[in-house]
Structures are given as structure tokens and as C-alpha cells.
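Start from the sequences and build out the full structure, keeping to the hints where you can.
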Amino acid sequence: MPFSINTVHALVLRYLYLYTRHPVRLVELVFWPLVDLLVWGFLTTYLQRHGAGDFPSSISFLIGGMILWDVLFRSQQGVAISFLEDVWTRNLLNVFVAPVRTAEYVGATCVVGLLRVGVTLVILTLVAALAYQFHLTSLGLGLLPFLGNLILFGWFLGMISTALIMRYGQAAESLAWAIPFFIQPLAAVFYPVSVLPSWLQPIALTLPCTPIFEGMRTVLSGHPVPWANVQSALVLNLVWGTLAALFFAANLRYVRKSGLLVKVATQ
Amino acid sequence: MPGTTPILEADRLVKTFGTSTALDGLSFTLAESESLGLLGVNGAGKTTAMNLLLGLTTPTSGTIRIFGLDLWKHRIEILRQVNFSSAYTALPSNLLVWQNLNVFAKLYGVARPKQRIEELLELLDITHLRKSVTGTLSAGESTRVNLAKALLNKPRLLLLDEPTASLDPDIADRVRKLLRKLQHENGLSILYTSHNMRDIHEVCDRLIFLHGGKVLAEGTPDHIAEKFNRSSLEDLFIGVARGEVDAIGLK
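Protein chains in written order, with our numbering: chain A, 1 to 267; chain B, 1 to 251.
Just to be clear, a hint being listed does not mean it is correct.
Label-pair ranges, simulated between beta-carbon atoms [as the list claims (entries may be wrong)]:
| # | chain 1 | residue 1 | chain 2 | residue 2 | range |
| --- | --- | --- | --- | --- | --- |
| 1 | B | Ile76 | A | Ile203 | 37 to 43 Å |
| 2 | A | Ala129 | B | Lys154 | 36 to 42 Å |
| 3 | B | Gly25 | A | Leu200 | 41 to 47 Å |
Which residues of chain B face chain A? A few of them, derived with a C-beta cut under 8 Å, are [stated by the list, open to error]:
| # | residue |
| --- | --- |
| 4 | Leu54 |
| 5 | Leu56 |
| 6 | Ser61 |
| 7 | Thr63 |
| 8 | Arg65 |
| 9 | Phe67 |
| 10 | Ile76 |
| 11 | Tyr88 |
| 12 | Thr89 |
| 13 | Ala90 |
| 14 | Leu91 |
| 15 | Pro92 |
| 16 | Asn94 |
| 17 | Val103 |
| 18 | His184 |
| 19 | Asn196 |
Rather than coming from a laboratory, the hints here were simulated on the basis of the structure.
Yeah, the Cβ is synthetic: ideal placement off N, Cα and C, and Gly gets one too.
Below, the structure is given as C-alpha cells:
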């Protein structure tokens, strides 16, 4: 069998044990997103009170952008941090000498990413609704494809982060946190692509998350779901997914050839 | 008694890292129920050989066949029947012992994981550690838990990288006796690296002495020391480390 669900289940179980044994790990999933939400939420409240014209009706973009950005970020973190957990606990060799296919290992980290997104999303959605009357469901039918595309892109960024950490070792582990923020200025999370200088706009449009954030603003402005944006995101995700898989595989081949895999695993 | 069927066949393994050659044409076989030691000073190529055999590193040239199958073409199939323990790896320190063993039992597709875990905890005399946090174990306890993990899938081939390093003599003796028992009762084949001559004498039927990535000598521990006119294997080891012995014998 080329892909074993049982193997993925076993690997996910290891992360579940970790999170349930150490509630402090759950705090990490809740604390930072909540801090972000509070900052952006109060900023939104302030701007709504002191803004002018149609400013108040559109300002919920900030909260929506923050929540959707967190979906992408937690998804990426699920993949990259799961790999780092194995490095930090010197368990990576045990996993790599077990009958685990690369696709199963990556698949398990993606499932962990999905679970992390689930926990964070539920909490942020509730707090945003209760504290700021921002309802994520106001994204309507677009909500699921928006979330799906962001989760996919998060996985692919996670694979790229993991590949770089494998290749450059623990010195590169800050990339696990930094990579999403490299793209954030171009991702149109809090402002439209049109704000960017004209030469940066084509680059921004190569990111699958850009049409999603643009689409979110369209829906929150009272327009129907821009399905063309969802379609663009999906096509871009296919391209990014293929490139991320090739990049991961090439790096895995390289670290096996150069002996870096063992170094990363035992350092 | 070791059988004659080769479980593991390494053929002309070469591994270079840039301009340095870590292994230079290593060939050997390991038979069913045989215990083979890889001995050598630091940098001799033992760990590189182990990493190649585990599929963690790809060889520059040469082939590895395990259970008659090419390692790189049948990696998953082979790894299901192999296991590994090293003094230099650990199970996740933040999980309980039974949680770690349960994860690996599932990864290796063990049929009745709970039953198998209990059997191994008893065999290794660590039943009381079942609910201990792995990171709080002593070196001796940790080694026995690692061994439990390495025996979960009833491997046909066990690769051990200095498994008794940092153990006190009592625990090290228990580990050696257990390995011998498993080898004789279950037909387990063992590939063993160690700097501990007592380990090598007690556990290994045969020995490959590596030096500079090449085979310096091969045979039983006593035969090898004798071949180089040394009083013991330890004496030979020191001689090689100090450059008093080369591939021909005495300098």
C-alpha cells in the first residue's frame, strides 16, 4: 500500500499525546491569536468610533483579515513545528528508521496543522463574535473555500519551512516562524493589492492567499462571493503545492546524500 | 549458532562527503542469528556504515540488500522487520513511557500493541516505569526503554549503535545477556557498534575492525587480536588509535 492511514494516525497520536499532556502547549494555540485579536479588535473599535464616512462599515476587514491570516499561519506552524518537535526531542532518527513514508510523515504534520487551525479558529470566532460583533459566518458560502485555500497554502509553506530547516539545521529554525511573515506584506491581508507599488502587484498575485484576502473584503463589503478569486487561489495552490513537494523531495534527497539528515537529527 | 542464510549483504559500499572518504569499499554479510560487531576508533566509519544500512544516508556507490531485497527499492518493507537503538537518539522526553511505546508499536504495525508493550516492559524489568515521563529516566532506564522500542516489532535484524554507552556495569551486563538471549531464542541478527571491548567479546560472534573507512581485519574477536600479535582486542584498539598498527599489521 503506497500510503498508510494507520501510520499517519500513529504519528498524529504522538502530537496529540504531547498537546494533551502539556496544557501549556494549548495556551500557545490560544494566547497569541487572542492577543492579536484583541489588538486588532480594539483598533477596529477605535477607528469605528472616530472614523468618518463609510469607514466604520468596512473596518471589520481588519478583524476578518487577522482571523484568516491566523488560519494560514497556524496551518503552516502545524507542519513546521511538528517537524521541529521531533528535532528538539532527538526523535527524528527513530521516525526516519521506522517504516514511515515521506508522504505519511508530511501528511501527519498537515493533519496536526488542521487540528491547530480548528482549535484557534473556534476560539477566535467566538471571541470576535462576542467582543466585537464580527461574525465569520458573514463570509457566507465563501467561508469554506476561503479557509480551505488558506489551510492548503499554510501546509505548503510549512513543507518549504521544514525543507529549509532540514537543510540548514537548527540555525534555520526561526524560519518556521518567519516564513509566513516574509509573504505577509504582499498577501493583502489588511489592505488591497492596489495599495502596493505597481511593480509589486504581479508578485503579490502569485500568492494563493492574495485572492482570498481580496475576496474576503469583497464579501464583507456586501458583494457576492467572487468565485473567480477562489478559482485563482486553487490554481495557484496547485502550482505552489507541486513546487513545495518537489522542493521538499529535492532537499530530503540532498540531506540524505550529504549526511545532514543525521546531523540535524542528533545535534 | 548463526545460520548461513545472509540477512544483510553490503557490497562495496563507498561514502564520500566532499573530498573526504568516510567508507571505502566496505563489503560484508550478516547471517541469520548472527551477531556482528563493527569496531573502530572515532572516524573509522562505523556510524556512517550504520546510517547507510538504516537508509538515513545514501551511499556514493555500492549496494545494500537486506532479507534479499534492495534497501532503496524496498525500504518500507525492510524497515518493518528491522529496528534500531542508539545511545545518541531518544524517545520524546515529554511523553510517558507507555505513550512513546504505543506510538512506535502503531508505527511498526504491531498487532496487539498493549500486550506486546507489557511483555517487553516485563522482559526488560521496567514495568514500574510504564507511567513515568520519559525525560525523567536515568541513563540505564532510558536505554532499556529504547531497547523496548527496538524490540516492539520482533525484528529479524537489530542495529545497535553503542547501546551500553553511559550504562553502569550492572545494567550493561543485563543488556548484553538479554541480547544474547534474544539472539539464541528468537534467531535475531544483530549489528553492533561499540567502543566497549567487553560488549564486543560478549555479544559478537564476529567482528569487523574498521579503520579509515576500510576493513582492517575481520574474524572472531580473539582471532583478530592474535592476527596482529596483540594481547587483547583492547590492546589492538589502542595500537590502531595511536598509529602503531596499520592494515598489514605492526608498523
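Evaluated hints:
A beta carbon spacing of about 40 Å between Ile76(B) and Ile203(A) agrees with the range 37 to 43 Å that was offered as a hint. The beta-carbon spacing between Ala129(A) and Lys154(B), approximately 54 Å, falls outside the hinted interval of 36 to 42 Å. In this structure the hint that Gly25(B) and Leu200(A) lie 41 to 47 Å apart at CB is violated, the actual value being about 55 Å. The beta carbon of Leu54(B) is positioned within 8 Å of a beta carbon in chain A (closest approach about 5 Å), and the interface hint is therefore held.
Hint status for Leu56(B): holds, given a least beta-carbon distance of 5 Å to chain A, under 8 Å. Interface restraint check for Ser61(B): the shortest CB-CB distance to chain A comes to about 12 Å, outside 8 Å, so the restraint is violated. Restraint check, Thr63(B) versus chain A: the minimum CB separation of about 16 Å is more than 8 Å; hint violated. With a least beta-carbon distance of about 17 Å to chain A, the hint placing Arg65(B) at the interface is violated under the 8 Å criterion.
Hint on Phe67(B) is violated. Least Cβ distance to chain A is approximately 13 Å, over the 8 Å limit. At about 5 Å, the closest approach between the beta carbon of Ile76(B) and any beta carbon in chain A falls short of 8 Å, and the interface hint on this residue holds. For the restraint placing Tyr88(B) at the interface with chain A, the shortest Cβ-Cβ distance is roughly 5 Å, inside the 8 Å limit, so the hint holds. The interface hint given for Thr89(B) holds, since its Cβ lies 5 Å from the closest Cβ of chain A, which is under the 8 Å cut-off.
With a least beta-carbon distance of about 4 Å to chain A, the hint placing Ala90(B) at the interface is held under the 8 Å criterion. A least Cβ separation of about 6 Å between Leu91(B) and chain A falls short of the 8 Å threshold, and the interface hint therefore holds. Taken as an interface hint, Pro92(B) checks out: its beta carbon lies about 4 Å from the nearest beta carbon of chain A, inside 8 Å. Satisfaction of the interface hint for Asn94(B) is found here, the shortest Cβ-Cβ separation to chain A being roughly 6 Å, below the 8 Å cut-off.
Satisfaction of the interface hint for Val103(B) is found here, the shortest Cβ-Cβ separation to chain A being roughly 4 Å, below the 8 Å cut-off. Contact between His184(B) and chain A, as hinted, is not supported at the beta carbon level, the nearest pair being about 25 Å apart and thus beyond 8 Å. A distance limit of 8 Å between C-beta atoms decides the matter here; for Asn196(B) the minimum to chain A is near 20 Å, and the interface restraint is violated.
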